[in-house]
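S.K.: What follows is each chain in one-letter form.
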Amino acid sequence: MASTNAPIYDELFNVLFVIGTILFIGMTALVIYSLIQFRRKPGEEGDGLPIEDNLPLEIFWTAVPAVVILFVGLYSYDIYDRMGGMQILSNDMHSHHSISSQEKVWGGIGSSKQESNTSRDFPINVELTAMQFAFLFNYPKGEIISGELHVPVGQPITMRMESKDVIHAFWVPEFRLKQDVIPGQPTILNFTPTRTGRYPIICAELCGPYHGGMRSTVVVEEPEEYDAWFKKNSKQTEVEL
Amino acid sequence: MTTVSPLNKKSNEVISSKEEHADHRLFGLITFLIADGMTFAGFFAAYLTFKAVNPLLPDAIYELELPLPTLNTILLLVSSATFHKAGKYLEENNSKKCQYWLLITAGLGVAFLISQMFEYFTLPFGLTDNLYASTFYALTGFHGLHVTLGAIMILIIWWQSRSPGGRITKTNRFPFEAAELYWHFVDGIWVVLFIILYLL
Amino acid sequence: MSISIPPSTENNIKKLQPTGWLRYFSFSLDHKVIGLQYLICGFIFYLIGGLLAGAIRIELTSPMSDFMARDVYNQVLTLHGTIMIFLWIVPVVNGAFGNYLIPFYVGARDMAFPRLNAVAFWLIPPAGLMLISSYFINGAAQSGWTAYPPLSITTPAAGQIVWIISVLLLGGSSIFGGINFIATILKLRRPGLKLMQLPMYCWAMLGTSILVVLSTPVLAGTLILLSFDIVAHTGFFNPSLGGNVIVYQHLFWFYSHPAVYIMVLPAFGLVSEILPVHCRKPLFGYSTMVYSIMAIVILGLVVWAHHMFTSGTPPWMRLFFTIATAFIAVPTGIKFFNWVATLWGGRISLNSAILFSCGFIVNFVLGGITGVALAQVPFDVHVHDTYFVVAHFHYIVYGGSVFVIFSSIYHWYPKFTGKMLNETIGRIHFAITFIGFNLCFAPQHWLGLNGMPRRVAEYDPQFTFVNQISSFGALLMALSTLPFLWNIFYSTFKGKESGDNPWKALTPEWLTSSPPPVENWIGEAPLVTEPYGYGKKQETKNSPDSILEN
Ligand code: HEA
Ligand code: HEA
Ligand code: CUA
Ligand SMILES: [Cu+2]
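Residue numbers (this note's numbering), protein chains in the order written: chain A, 50 to 290; chain B, 61 to 260; chain C, 10 to 559.
Isolated chain A (complex conformation) (with noise of 0.2 Å):
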């Protein structure tokens, strides 16, 4: 439960088990039951009953699935609209990077700022860029370039992210987020941390034979713990928060 979208997922996951496993159960039960009541006893000749149709069964189980599926679907709509995967980015979050009206820029999912509770109302800006096989963050407005992503728990997070070569993905397992970070199109990606600790950042798409050792650390800390971090490595004296 390590951002506002984790609890969100966690819920929606857990209606999918439920409905899965009762689904797989029946379904299973079904046949097994099957198999056992009308196999052939020894002796038995002939056949089964020549039942071919039965309209009203048809329709029940057609029905069903597809109101369950109408269910499921819309319940993860709105799970999507509460991470925030319906807003529109609005140019103004990000309009202090220099992005030219030739760049596209896509949202990725995440929850946005309007859930936050905190002082600070404008969202951390920090661009990631991925390349073959590392990640590594920077925050403009302290001209600090790090391996690590510390980030203040609570708080916002707008990250733009771009790679270098290859397509790459950063996951926060933790964070139940994913987003490709794709060469040739930046990346938009807002998600609120809201557990302190450290979590680890996965590269998840296939980018070559050390895919699997481009790792990083996400920092979730307390505000305090941040200022001073970021301070110590601030390049700027004068920062305003």
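Possibly wrong hints are sitting among the right ones.
[Unchecked claim] Just so you have them, the derived chain C footprint on chain A, three or more residues with Cβ under 8 Å:
no., segment
1, 60-67
2, 268-278
[As the list claims (entries may be wrong)] The calculated lysine-lysine pairs, modelled on BS3-like cross-linking and capped at a C-alpha distance of 25 Å, are:
no., chain 1, residue 1, chain 2, residue 2
3, C, 545, A, 90
4, C, 545, C, 203
5, B, 111, A, 213
6, C, 196, B, 230
7, C, 505, A, 90
8, C, 428, C, 545
9, B, 157, B, 230
10, A, 90, C, 196
By construction, these hints were calculated from the structure, which means they are not laboratory data. Every residue, glycine too, gets a C-beta built ideally from N, C-alpha and C.
Start from chain A and add chains B and C with the ligands according to the hints.
M.R.: Below, chains B and C with the ligands without anything else, positioned relative to chain A:
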């Protein structure tokens, strides 16, 4: 169960499956052309997407000249008509006239290829210049390959229809029909290509 | 009932009987020979692909990358995926059984285009050999079976190009096959046989072939563009030259999603043939089964972007593809419920064929359910490119298609050879396969959910134990092939004679001798209008095995 099989008097005579093939081959060809059309559809989709999401820098945009491709379009459309005409004469068992029109069709095809080559050499961009150029050459080149194959097929048919009682006659017209269908298909693709590549 | 097969003497049959095992290595035009060529060739590639899977599982018994070099690991997994899909599942469920059965089912003596058919088969061995030999020459392709650029452009070119060429050849083979099946089913039907009287496998193959014809050419075109990028340094998919990598993904999945139905629809068809015979019941809900196949075909063409939820697709696209994908569960579900209804109230012989078919139902339902979960964008963004996906598709391709292939081999082996397989060994084979399979792939769901990405040779130590369970399952699966192979070899030479119709089946391929004569029937093909007419009144007097006794 109702399984009926009337005793076949000629049951010893094994019915060969090859016997009834003429129309099935045409059916097979149509299926193949649908598949081939999907390859083009993929290319077109790629081209249109590139155009929509990867706009070129202003200085790389180049307006294609229209006269030559328009001429090409006319060449191909006329060649479809001449092929059709050859078919009419084949129907009438007039093999001389049929051959004549076949040759004209092949000639138009070759003229198209030459004119296309000419366009290639006069274009201000090369294969690897930019995304647009690459897609342009891939599409027209793939189509040109089809025209080349079609022209060769026409020439083969023309050659075969020369000898009397040869492989192309009114009664054995599958090769002719197949080539004609293929040729119309290649023409149709060109029209789409012309609209998408030159006019849009 | 009036079945009559024109009188024929033993002698007559013998004369038409194909002779010599050498014809399996020749450019034979006989659809039955070609079918078995596909089957045996495919199985050899399965063993090779399985050996590579074994290498993967050995590497993954420990968290370090210690069994093979990292780039070799990537080559192995690329070869494994490519071989299993393009040289095993697709050729066998389509080519092997399609060629063997379809002409019987439509009442024809051969496929519509026998020569094209032979060409389609003979494209496969060279393509496969080329693909495998690339490993020994310059290193095989190492960008996964999906060959995403720009990785596939920047890895060593030789292997990638060989990969492209062999996939193009295999795609061509598949298209030729598809054209042939469509023409055979639609045009070569015996007079008097209506479309809605065809055995279900014909419908499955018709649907599959439509997908093949519509989607495979797109893959071919895409790979041609990719090869230009590699060889001629064009920039279609190369962002450093202004290209767009997402366009490749769209084009690739436009083929490769339908490809998963190309791997599974024929399997659905085969199960629909096997269940009624051994349950002695008509196939339940014939017409809804037909419609659901066509619904899957249509829906299958418009769901491809569910493989790209994390690659920056716009929200509306994600939504559309979520809904479309999830809805495939409805027609698929119809098929599964119909199969259970077919089992219900039957007289089920619990033989190996039925066991594998029921194993298929159970495994596929699990794989399908995880598929529907994957279709939900918020769920997928976490588990995409993890072992959860690996588990999902092995449940479907192995637990589904491969189980059906085994089931079909147990079912049609007497047809192929005139011999019976040993039932006891068959059940042992099933038990080990089923246990091994579930041990191997069920734990992978957990791995994916808890943070293990796919396509890695090294992983976090906390995953070691679960990976070892998985590898142990793979070992069981490998071992399970031994009784199977022994059964096949032993039965071919020493097996019990099966007679022409050991299952008393009603589908047309059984209404001739086993193995069948060259042109399938002596005399005219029987007209079978009710291929699933088990348990019907008229039938009790004349059991179908009397058919061939004049
Ligand atoms: C034969 C192969 C096959 C088949 C048939 C399927 C079938 C399905 N697949 Fe799968 N899939 C693959 C092979 C296959 N898949 C492969 C190889 C990959 C990985 C590719 C790669 O990246 O390398 C993949 C990946 C994959 C993804 C992408 C995951 C990712 O990379 O992030 C998704 C996402 O939507 C998905 C979904 C589905 C769905 C919804 C179905 C549906 O068709 C399933 C429908 C069936 C059922 C649901 C069960 C029966 C139904 C019922 C009993 C009715 C009741 C059910 C409900 C109400 C839910 N698949
Ligand atoms: C389509 C069919 C198919 C089939 C049947 C299989 C069968 C198997 N697959 Fe595979 N698999 C794929 C298609 C398939 N796979 C695809 C498409 C990928 C994705 C590739 C990619 O990412 O690009 C993949 C990836 C894949 C991975 C993930 C690799 C990674 O991401 O790093 C793993 C890991 O466990 C795996 C394992 C297995 C195993 C254990 C089997 C077993 O079921 C095999 C059992 C059979 C045998 C073992 C053969 C018989 C025995 C012998 C020949 C004796 C010798 C054996 C030993 C020494 C062990 N497969
Ligand atoms: Cu970077 Cu995998
Ligand atoms: Cu898919």
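S.K.: Look at each hint and say if it fits the structure.
M.R.: Results of checking the hints against the structure:
Given a C-beta distance limit of less than 8 Å, the hint that chain C covers the segment 60-67 of chain A holds, as 3 residues qualify and 3 suffice. Here's how the segment 268-278 of chain A fares: 0 of its residues keep a CB closer than 8 Å to some CB of chain C, so the rule of at least three is not met and the hint is violated. At roughly 21 Å between alpha-carbon atoms, residue 545(C) and residue 90(A) fall within 25 Å of each other, so this suggested pair holds. Straight-line distance between C-alpha atoms of residue 545(C) and residue 203(C) comes to about 20 Å, which keeps the hinted pair within the 25 Å bound.
Proposed proximity of residue 111(B) and residue 213(A) is supported: the alpha carbons are some 23 Å apart, at most 25 Å. Between residue 196(C) and residue 230(B), the direct Cα distance comes to roughly 23 Å. Compliance with the 25 Å bound is thereby established for this hinted pair. For the proposed pair residue 505(C) and residue 90(A), the alpha carbon gap of about 23 Å is at most 25 Å, so the pair holds. Of the supplied pair hints, the one linking residue 428(C) and residue 545(C) is violated, its CA atoms being roughly 29 Å apart against a limit of 25 Å.
A C-alpha spacing of about 13 Å is found between residue 157(B) and residue 230(B), which places the hinted pair at or below 25 Å, so the restraint holds. Only pairs whose Cα atoms come within 25 Å are accepted, and residue 90(A) paired with residue 196(C) is rejected, the gap being roughly 44 Å.
Violated hints for the displayed structure, listed by number in ascending order: 2, 8 and 10.
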